[in-house]
Amino acid sequence: MKITLYGIPNCDTVKKARTWLADQQHDFTFHDFKKQGLTRETVAGWLKQVPRDVLVNRKGTTWRALADERKASIVDDDAAIALMLENPSIIKRPVLDNDGAYAVGFSDAQYQQIFNT
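Residue 1 is where the sequence shown starts when you use my numbering, and the numbers rise one by one after that.
Keep in mind that a hint or two might mislead.
Unchecked claim - DSSO-like mimics (lysine-lysine), calculated; alpha carbons at most 27 Å apart, straight line:
1) K59 / K35
2) K15 / K92
3) K48 / K59
4) K34 / K48
5) K2 / K59
6) K2 / K34
7) K48 / K35
8) K71 / K48
9) K16 / K48
10) K16 / K59
11) K71 / K59
12) K34 / K71
13) K16 / K2
14) K92 / K2
15) K16 / K92
16) K35 / K2
17) K92 / K35
18) K48 / K92
19) K34 / K15
20) K34 / K59
21) K15 / K35
22) K16 / K34
23) K16 / K35
24) K35 / K71
25) K2 / K71
26) K71 / K92
27) K92 / K34
28) K15 / K2
29) K92 / K59
30) K48 / K15
Claimed, not checked - Derived Cβ-Cβ restraints for the label pairs, each shown as a range:
31) E69 / D23: 38 to 46 Å
32) D68 / D23: 40 to 48 Å
33) K48 / F115: 20 to 28 Å
Simulated from the structure, these hints should not be mistaken for lab results. Virtual Cβ for every residue (Gly too), placed ideally from N, Cα, C.
Sequences and hints are given; from them, build the entire structure.
Right under this line is the structure:
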């Protein structure tokens, strides 16, 4: 089983997810998408399982800082992908890739269910 956790290291929710995975002794790779970047293929893969309204964080400061025209232009997955590649901070964090099954965000109960612990 391959586990990759995508996010940024200083995000509190990402820190909680990393701690949970380590405490449960899951072997995982952390991918800092601000430093390591993201590919169109990676984000498109997420969008096959996660709706863009979940993946694009419309509550964060990055979204609020966007011009209204830019916000209004996010009408399909292609536009959402372009925005996420341009501004990775707009992605709700963390994104968990558990052997090709994706989950967004973190809660203890959510991860317990995902990993059947």
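Next pair to validate is K35 with K71; report whether the Cα-Cα distance is within 27 Å. holds, 25 Å
Compare the distance between the alpha carbons of K2 and K34 with 27 Å, and conclude whether the hinted pair is satisfied. Measuring from Cα to Cα gives roughly 21 Å; hence the hint holds.
With 20 to 28 Å as the target window, see if K48 and F115 comply at their CB atoms. At roughly 22 Å between Cβ atoms, F115 and K48 fall inside 20 to 28 Å, so the hint holds.
Is it true that the CA of K15 sits at most 27 Å from the CA of K92? At roughly 14 Å apart (the allowed maximum being 27 Å), K92 and K15 satisfy the hint.
Do the alpha carbons of K15 and K2 lie within 27 Å of each other, as the hint requires? holds, 19 Å
Mind checking the alpha carbons of K92 and K59 for me, to see if they're no more than 27 Å apart? holds, 9 Å
Tell me if the beta carbons of D68 and D23 are separated by a distance inside 40 to 48 Å. 43 Å Cβ-Cβ, so the 40 to 48 Å window holds.
Is K71 close enough to K59, meaning Cα to Cα at most 27 Å? Since the Cα atoms of K71 and K59 sit roughly 12 Å apart, the hinted pair holds (cutoff 27 Å).
Do the alpha carbons of K59 and K35 lie within 27 Å of each other, as the hint requires? holds, 23 Å
Would the pair K48 and K92 pass a check requiring their Cα atoms to be no farther apart than 27 Å? OK: K48 and K92 at ~16 Å, within 27 Å.
Mind checking the alpha carbons of K71 and K92 for me, to see if they're no more than 27 Å apart? holds, 16 Å
Given the proposed pairing of K48 with K15, does the C-alpha separation stay at or below 27 Å? holds, 26 Å
The structure fails to meet hints 5, 25 from the earlier list, while all remaining hints are met.
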